[in-house]
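> Whole structure, please, built from the sequences with the hints as guidance.
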Amino acid sequence: MDLARFIAKRLLRLVLTVLLISTIVFFVIRVIPGDPALLIAGIDATPSDIAAIRAKLGTDRPLSAQYFDFLWKVAHLDFGNSMISEEPVTALILQRFPLTLALAVLGMVIGTVIAIPIGILSAVKPWSAWDYVGLVMSQLGMAIPSFWLGIFLLLVFAVKIPIFPLFGAETLASLVLPAFSLGFARAAILLRHTRASMSEELSKEYIIAAKAKGLTDRMIKYKHALKNALLPIITVAGIEFGYMLGGAIIIEQVFSLPGLGRLFLYAIYQRDFPLIQGGVVFIAIVFSLVNFAADVLYSVVNPKIRLE
Amino acid sequence: MKKVPRIASLCILFAFSAASLVVAQTKGTLVFGLSGNPDTLDPQKTAGTLTFQVVKSFYDTLVEPNTDGTIVPALAESWTVSPDGLIWTFKLRRNVVFHNGQPFTSKDVRASLERIKDEATASPKRSEFAAIKEIRTPDAATVVIVLSQPYAPLLASLASGWGAILPSGLIASGHNFGAEPVGTGPFKFEKWIRDNKITMVRNDTYWMKGLPKLAKVEFQIIPERAVQVQGLSAGVIDAVEFIDPEDLPLFSSNPKVSIKKELTSLIMVMAMNCSREPLNDLRVRQAVNYAIDKQVVLDVAYGGGKVGSTFLDTGNAYYTDFSYLYPYNPDKARQLLKAAGVDTREFTITVPQNYPLHVKAAELIQQMLEKVGMHVKLQLVDWSTWLSSVYNGGNYDFTVIGHTGKLDPDGTLAGYGTGKYVKWINATAAQKIKEAAAISDFAARKKLYTEVLEIMAKEVPFVYLGTSYRYVGTRSNVVDFRMTPNLDTFDFRWTELK
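Sequence lines, in order, name chains A and B. Numbered as in this note's numbering, the first sequence ends at 305 without a single skipped number. Numbered as in this note's numbering, the second sequence ends at 502 without a single skipped number.
For the record, the hints were derived by calculation from the structure and aren't laboratory data. Computed from a prediction, not measured in an experiment: that's the story for all the values here. No residue lacks a Cβ here, since even glycine has one placed at the ideal position from N, Cα and C. Treat the hints with caution; some may be incorrect.
As the list claims (entries may be wrong) - Calculated cross-link-like contacts (lysine-lysine; reagent style DSS-like; alpha-carbon spacing at most 25 Å):
(1) K53(A) with K137(B)
(2) K6(A) with K70(A)
(3) K260(B) with K220(B)
(4) K264(B) with K364(B)
(5) K157(A) with K260(B)
(6) K381(B) with K342(B)
(7) K265(B) with K217(B)
(8) K121(B) with K53(A)
(9) K195(B) with K217(B)
Unchecked claim - Computed list of chain A residues with no C-beta within reach of chain B, every gap over 12 Å:
(10) A62
(11) Q136
(12) I236
Said to hold, decoys possible - What the simulated footprint calls covered on chain A by chain B, stretch by stretch (three residues with Cβ under 8 Å from a Cβ of chain B suffice, anywhere in the stretch; the number is not a length):
(13) 20 to 32
(14) 38 to 46
(15) 79 to 90
(16) 146 to 158
(17) 164 to 170
(18) 257 to 264
As C-alpha cells, this is what we get:
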C-alpha cells in the first residue's frame, strides 16, 4: 500500500473536482434570474444608484474578467467578501462551521447509536421484537418530516416541559433537540442499510462453511459477518455525515441555529455570488475529505482492501 | 447537629438572594423576536427594513417623525428654509456625545451626508441627497445645506433611517459601521452573532433626559414563525413585531400577551403590466378592478385593513378617496372584458414566495378573476427573481406586492407615469409629480398630488387593495413599545418592563 501515492491521487482529484464545481457554480448563479445589486438597492433606488452598486460589486464587468479574477483568487484560497455584508467569505464560513460540525457529530452519534445495534439485531433475529422495533422506527424516521419533528420536540421539551431552550445556541443543551431531530431521520436510513447488509452477509456461503467448521454462533455473526457487513454501512454513514456538514438547513431554521445551512440558504436567496461560490467549494472539500476518511476506514475494518 | 440547619438556611437564603439578584438584573432586559438577520448594520449601505428597525436604536437623525408622523426636531433643535427653498439652516443640539465619546458637531452632519452622497459608498438612497450642492458648517452648532434646486422631500430623507448621523472621526478612519455601529442613539451596540442575536445596552448619556428606560434589548433572530409565537406565549420572548393573522386565535385566551392592532402604512396592490396586450387597454384594467372584492382580499389574506382607491396609504395626509370609481361589480367586469375582446388568453400572477400573505392574496384574486371568465395561473418566484424579472425586468402580467410607506409622498410617487415597473405612461402625472417635489407648502402640494392620485385612480395601473393592519404582540408587562409611523422601525426609548 502506497499511502503517499494514494493521498496524492486523491488530492489531485479534489483539485479537479473543486475547479469543475466552482466553474459550474460560477456560471449557473449568473445565468439564473437575480442580481445582488437589485437586492441591495431595494425597490426605491434609481437606475444611477443601482449602477453605482453594480460598479462597487464589480458585477458590471465582463463575465470572463469576473471568472478569471475568481479563479485567481480561489487559487490563493481567497473567496473574496460577501456582497451583502461585506465580510470575508472564509471568515463567515469558519464562524459557522464549529456549530454545524458539533451538530453533525452529535446527530451522527445519535443516529448510529440508534441504527446500528437495532439494525444488527433485526438481521440476526428476523421477525423478532427487535426487528419490529427497527421496522417501526425506520418507517417513522423516513415518514416524519424533520421540521415537524423539530417543532414537535420544541413544543414538548421547550414549552410544555421546559428543559431545553426554545431558541439560541449558547449551550450544549441547545444542540440536543436539533441533533436528535437530525439523527432520527439519519438513523432510519442507516438502520435499513445495516439490516440489509447484515442479512446479506449472513446468507453467504462462507457462513455455512464457518458453521461446518464448528465456529460458535457468536463468532460467526459478530466477528466474520459483521466485519464484512460494516463496509457498505460506512459508505452510507460517510455520505450522510457529509450531507450534515454542509448544514442542515431545515433543522437550523426551526431551532434558530446560526449554522452553515442558513448561511448558504440566504446566500442563494440574496444571490451573494462570492458566498455561494465559497460555500459550494467548502462543501465539496468537506465531502471529499469525508469520503477519504471512509476509504481509510475500509482498510482498517478489512485489511484485505487496499487503498488504490 | 444544630449547625446543619443553620448552614442549610444560609444556603437557602443565599440561593434566594442570588435568584432575586438575577431577577433584578434581567428585569430591564427586553427580549425581542426578530424574524431575520439584518444584511448589515450600516444605515447608508442597504435598503433593508430589518437593518433600519435595528439601527434606529443606535443612531439619531437631524429630524424625526413623531407618533403621528409629523417631522419634529431631533439632533437639530430647529431649522429654517429660505423662501426660494434652496438654503436649509439647521441649529444643532449641544452636549450630545457619540457612543465612542466624540462630541457631536456640525462636522459630523457634513461627513455623514458626504458619505451617503459619495459614489464609492454606493448607497441605495444616494439619489435622495442628489439635490445637495454644498454643506456649510459656519460653527459647531450650525449646518447650512445648499440645494441646486428646491427639493421638499429632503426633510423626509433626513428623518429616515438612512439620514443617520455617524461620527466624522470614524468615517475618516474607514470604520466598519456594518459590523459595529457607533452613533448617538439611545442604545449602544454590544454584540452581533450573525443569524443568532444582536444585543444593545442603554446609552446612559442619551440626550433625551430619563430615556431610554430599558437597560438592555436583546434581539433574538428567530426565523420560524411557530417558534416566535410559542416563545411569546411561554414568556421567553417579550415582543414580536408582527403576528400572522392566522396565529391570532392562539393568543385570544392568553391574558399575559397583549396584541395591538395598528394601521400600517403599506400600500397593498396588484400591479398590472400596462405595456402588455391586453392590459394596455384601459377597459381590461377597469374590468380587473371591478372583478376584485378588495375588502375580502384584505380581510382574508392580510387580517383586515382599509380598502384603497389610489396609490397612497389610506392613512396618509395626502390621501384622497376615489373608491366610488370601481366598486366590486363582477357583471360590469364581464361586460368590459367582452367589449375588449378578452377571451381565452391566459394571464399569470407572479408572486414572491417569501411573502405568504401576498401569495394568499394572489390565490383569492385568481379565484375572483376566474369567476368573471379570465384564465389565470399563479407563479411563485423567489425575492431575487421577483426584483430582477418582475420589478426591474417587466416580465409579468400581474403581481401582488406591498409598497412600504414613506414619510414624504414623493418617496412613493416619484418615477410613476414614466414607465416604472407597471409600465404606465402618463406625461401629465409625471410632470405634476416632479412639480410637487419642488414645493414646500402643504396645501399647494396636496392640490397637485390630489390631481396625480385622481389620474392614477382612474387609469388604474394597479388594483389598489388598500392598507392592512399590523398585529404587534407583546407580553402584557411591556409598556410603550412604539413603531415609528411610516418607517416601521422599532422605538424602544419609552419602553418599560413593569
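> Hint by hint, which ones does this structure get wrong, listed from lowest number up?
Going through the list in order, the structure violates no hint and respects every one.
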